Amino acid sequence: MVVPLISIILLCPLAAFAIFALLGLAKRSFPRQDLLSTAAMLIALGCSLYLLKEVVPKPEPHTVDWISLGKITFSMGFYLDIVTVIMLIVVTLVSSLVHIFSIGYMHGDPRYPRFFAYLSLFSFSMLFLVVSDNLLGIYIGWELVGLCSYLLIGFWFEKDSAANACKKAFLTTRVGDVGMFIGMMMLFTRFDTLSLYGDNGIFTRITNPEYLTADASGIFWLSIAGVLIFCGAIGKSAQVPLHTWLPDAMEGPTPVSALIHAATMVAAGVYLTARMFPILTPSSSLVIAYVGGITALVAATIAIVRFDIKRVLAYSTVSQLGYMMLAIGAGSYVAGLFHLTTHAFFKALLFLGSGSVIHAFHAMHAHHDEEHTDDNEHEHDNHGLVHAHGSEIPPDQDMRNMGGLRRKMPWTFGTMLVATLSISGVPFFFSGFWSKDAILAGALGKAMVSHSPHYYILFGMALIAAGITAFYMFRLIFMTFFGEPRNQEMHDMAHESPWVMVVPLLVLAVLSFPVVNPIWFNDYVKPPPQPHIHAPQHAQLGPDTKTGDANSGFAFFGISEAEAAEEESGKNTEKANDVYRIYKLSHNIAMVLSICIAGLGILLSWLFYHRRKFSAESVATTFRPVYNLFWNKYYFDEFYDGVLVALTVWKSRLFAKFDLSIIDGIVNGVATITRQIFAAFIGFFDNRVVDGIVNRVAEVTWAAGGRIRRIQTGAIQTYLFVVLGGIVLIILIFRAL
Amino acid sequence: MSLQHYLVISAILFSLGIFAVLTRKNAISILMGIELILNSCNLNFVAFSRFVTPPENIDGQIIAIFGIVLAAAEAAVFLAIILAIYREFGSIRPDEVDTLKG
Chain A
1 MVVPLISIIL
11 LCPLAAFAIF
21 ALLGLAKRSF
31 PRQDLLSTAA
41 MLIALGCSLY
51 LLKEVVPKPE
61 PHTVDWISLG
71 KITFSMGFYL
81 DIVTVIMLIV
91 VTLVSSLVHI
101 FSIGYMHGDP
111 RYPRFFAYLS
121 LFSFSMLFLV
131 VSDNLLGIYI
141 GWELVGLCSY
151 LLIGFWFEKD
161 SAANACKKAF
171 LTTRVGDVGM
181 FIGMMMLFTR
191 FDTLSLYGDN
201 GIFTRITNPE
211 YLTADASGIF
221 WLSIAGVLIF
231 CGAIGKSAQV
241 PLHTWLPDAM
251 EGPTPVSALI
261 HAATMVAAGV
271 YLTARMFPIL
281 TPSSSLVIAY
291 VGGITALVAA
301 TIAIVRFDIK
311 RVLAYSTVSQ
321 LGYMMLAIGA
331 GSYVAGLFHL
341 TTHAFFKALL
351 FLGSGSVIHA
361 FHAMHAHHDE
371 EHTDDNEHEH
381 DNHGLVHAHG
391 SEIPPDQDMR
401 NMGGLRRKMP
411 WTFGTMLVAT
421 LSISGVPFFF
431 SGFWSKDAIL
441 AGALGKAMVS
451 HSPHYYILFG
461 MALIAAGITA
471 FYMFRLIFMT
481 FFGEPRNQEM
491 HDMAHESPWV
501 MVVPLLVLAV
511 LSFPVVNPIW
521 FNDYVKPPPQ
531 PHIHAPQHAQ
541 LGPDTKTGDA
551 NSGFAFFGIS
561 EAEAAEEESG
571 KNTEKANDVY
581 RIYKLSHNIA
591 MVLSICIAGL
601 GILLSWLFYH
611 RRKFSAESVA
621 TTFRPVYNLF
631 WNKYYFDEFY
641 DGVLVALTVW
651 KSRLFAKFDL
661 SIIDGIVNGV
671 ATITRQIFAA
681 FIGFFDNRVV
691 DGIVNRVAEV
701 TWAAGGRIRR
711 IQTGAIQTYL
721 FVVLGGIVLI
731 ILIFRAL
Chain B
738 MSLQHYLVIS
748 AILFSLGIFA
758 VLTRKNAISI
768 LMGIELILNS
778 CNLNFVAFSR
788 FVTPPENIDG
798 QIIAIFGIVL
808 AAAEAAVFLA
818 IILAIYREFG
828 SIRPDEVDTL
838 KG
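Read top to bottom, the protein sequences are chains A and B.
Residues 1 to 737, numbered by the working numbering, are exactly what the first sequence covers, in order.
Residues 738 to 839, numbered by the working numbering, are exactly what the second sequence covers, in order.
If you're looking for bench data, these hints aren't it; they were derived computationally from the structure.
Hints should not be assumed to be uniformly reliable.
Quick list of simulated restraints, FRET-style, between CB atoms [what the hints assert, rightly or not]: (1) A:712 to B:806: 33 to 39 Å; (2) B:756 to A:708: 28 to 34 Å; (3) B:756 to A:712: 21 to 27 Å; (4) A:734 to B:791: 51 to 57 Å; (5) A:708 to B:789: 42 to 48 Å; (6) B:806 to A:707: 44 to 50 Å; (7) A:714 to B:746: 31 to 37 Å; (8) A:716 to B:806: 21 to 27 Å; (9) B:746 to A:734: 23 to 29 Å; (10) A:708 to B:746: 38 to 44 Å; (11) B:805 to A:707: 42 to 48 Å; (12) A:714 to B:738: 43 to 49 Å.
Remember, predicted model here, so these are calculated numbers, not experimental data.
Just so it is clear, CB atoms sit at the ideal spot from N, CA and C, and this is done for glycine as well.
Given the sequences, and given the hints that come with them, work out the whole structure.
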């Protein structure tokens, strides 16, 4: 039952794209590509929900052999466990809602059918990535979603900024993918396979001393491989330092931002890291946690000073992805995935809501486009790769033009407010609170159990980032929906979006309440064992024997089952209770702290942007250097522009010069030598030697012929005489014999 | 009369024919020499048929008859050629007809 269901889930969106592509060959298009793609997604959604009921207690990979090379066989297959099914549901659900939203949002676009075909292709690729049971399949899906992201960011490729942004996204993620590929090859050389599960999978072989010894060198090697694989996630999930592409990716249509650059594709990096959880070692975990923590903090601080509504959300996405990475790095597998799920819903909602706001200003959009192309002409003449910085904000996305929209767009306002409360971590009634709290508790618990200063630092970073998140999200809400309209002309034009756009918002708003229940999540999702973090000899007996109820609470707060099992199987049950108590305590501390800091963030935001007790401008003036740092996004783009791009351009110029002078010089020199020396010699040889021989032969033949012809007298009797003589001669010779 | 007598006669005839063919300056005389050679051959055939093969085998004599017929046909063709040569060159002396001279 499982395999046909997965096949349907994968094939539906693929078929929707294939119909578009094949009809496209005949220069035609399906009359309602939008409905076709949406229906395909809804079928996939239905199947995914059904899978939730079907999912087997002991997940098995379903594989077929794909390529055999000597002893090595690459397989292709599906692996279905509860995490996969959750991801399937998240992807198909958000994708379906985005499809429906797009019917309204993209209405009237000249490439309307193509948009839906791309969405279908993206959904297929993402689902393929999610269900693959081996790194090769994941990598294929990985690159396919990268391609779709490229196509959809550059969907309005007439705009230079969009064209540059899609190139930038593609190239930047490729940097990470190179690392990931090297990591895959490292694993492959060691384990002779790219399959993850099953008896011959990597996760079985990491505990096998035949393949990997658990000594320092083996662990070091595994750490390097883990960090390299994580490089792919850095690129795809827009972690520092490869995060710069994601804010620029907002040049794509807003539903794309919601689907690809908030809910699904960028979360693929987190998903990959979670999938690779068993190969993580203490050092690679720490690297992941630090990258995540720094990303969370850096992106949140940049988001404070943005005025483009979509870019605030983009930096918020980067920051939240950093959170998930931090969780996985801290061993809070379940918390990371839980945050992934809740974030997918409320961030998709925020993006779709911002899309709804932008749509409200749509009339302005057309007007703006004309202006925009005008100044592009002279602005984008210089080398354009990293120039998609978006320093110029389209007026329909500029929060300084908004304000007071809550009366004009009550549904959009209401749903976005729910999502904002959720992402800010307002306690108890919103899913974001539970997932964020779980991550904070996990980090603090890890710190308290391991007594490692690193994790205290990381907990601090996450906590500060949580406060900043609450601040900038309410800043967005206050600037957009409260106060008086700042731009009366645009405000008059604004209107509530049609129902086809509002319904997805409502569905997502429902999902931003703890519908995705933390308790349910905690019961079903179990972290896989990490044999190289928790003494391997224990882990080998540990994980399967121990799944008692007492431990189900651990997983959620960050302690992995293996750790609990190790503690329990060791003689010291008291110690296990200690660990449990510490995690319980850390959870309480983290909860109180996160509520306080979120409240502080919201309060400050309210004072700054609603009551206007303080002026943001005066604060910005007071802390000018800090403000500049945030405003310029920590100069990452400038750094890449100034160092990497400049270096590449310089290197290209150097190579061009090398080509023009050295290579061309060699070619021309060879040509000259050939013409002047070889050709002359060969000409001489031909004229004198070859022609000479031919002429001499002819002359000799001619002269000989002149002499020999004399014997032809023409007198018949002479001939007869010679013949007679010849006969006589022959007779004499025969006689003599 | 033995076989030798016939062969001697035949040899004399043959030699005379050769002599005529090689030395005569008139094409008609050359033709006559050729006829002599042919007849010496015929004489040989008949002689061998008579003295060497069994009496009931008359193959040699039949070949002689063929030879005579052949000679007649040949003479006709030869004379026609000579006529054509005469028309072309105004002479039937073979040493004057030397267009193939190298």
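Hints and how they fare:
1. A:712 to B:806: 33 to 39 Å: 35 Å, holds
2. B:756 to A:708: 28 to 34 Å: 30 Å, holds
3. B:756 to A:712: 21 to 27 Å: This hint holds: roughly 24 Å between Cβ atoms.
4. A:734 to B:791: 51 to 57 Å: 30 Å, violated
5. A:708 to B:789: 42 to 48 Å: 46 Å, holds
6. B:806 to A:707: 44 to 50 Å: About 46 Å separates the Cβ atoms of residue 806 of chain B and residue 707 of chain A, which means 44 to 50 Å holds.
7. A:714 to B:746: 31 to 37 Å: For residue 746 of chain B against residue 714 of chain A, whose Cβ atoms are near 36 Å apart, the range 31 to 37 Å holds.
8. A:716 to B:806: 21 to 27 Å: With a Cβ separation near 25 Å, residue 716 of chain A and residue 806 of chain B satisfy 21 to 27 Å, so the hint holds.
9. B:746 to A:734: 23 to 29 Å: At 25 Å between Cβs, range holds.
10. A:708 to B:746: 38 to 44 Å: 43 Å, holds
11. B:805 to A:707: 42 to 48 Å: Holds: the Cβ-Cβ distance is about 46 Å, inside 42 to 48 Å.
12. A:714 to B:738: 43 to 49 Å: 46 Å Cβ-Cβ, so the 43 to 49 Å window holds.
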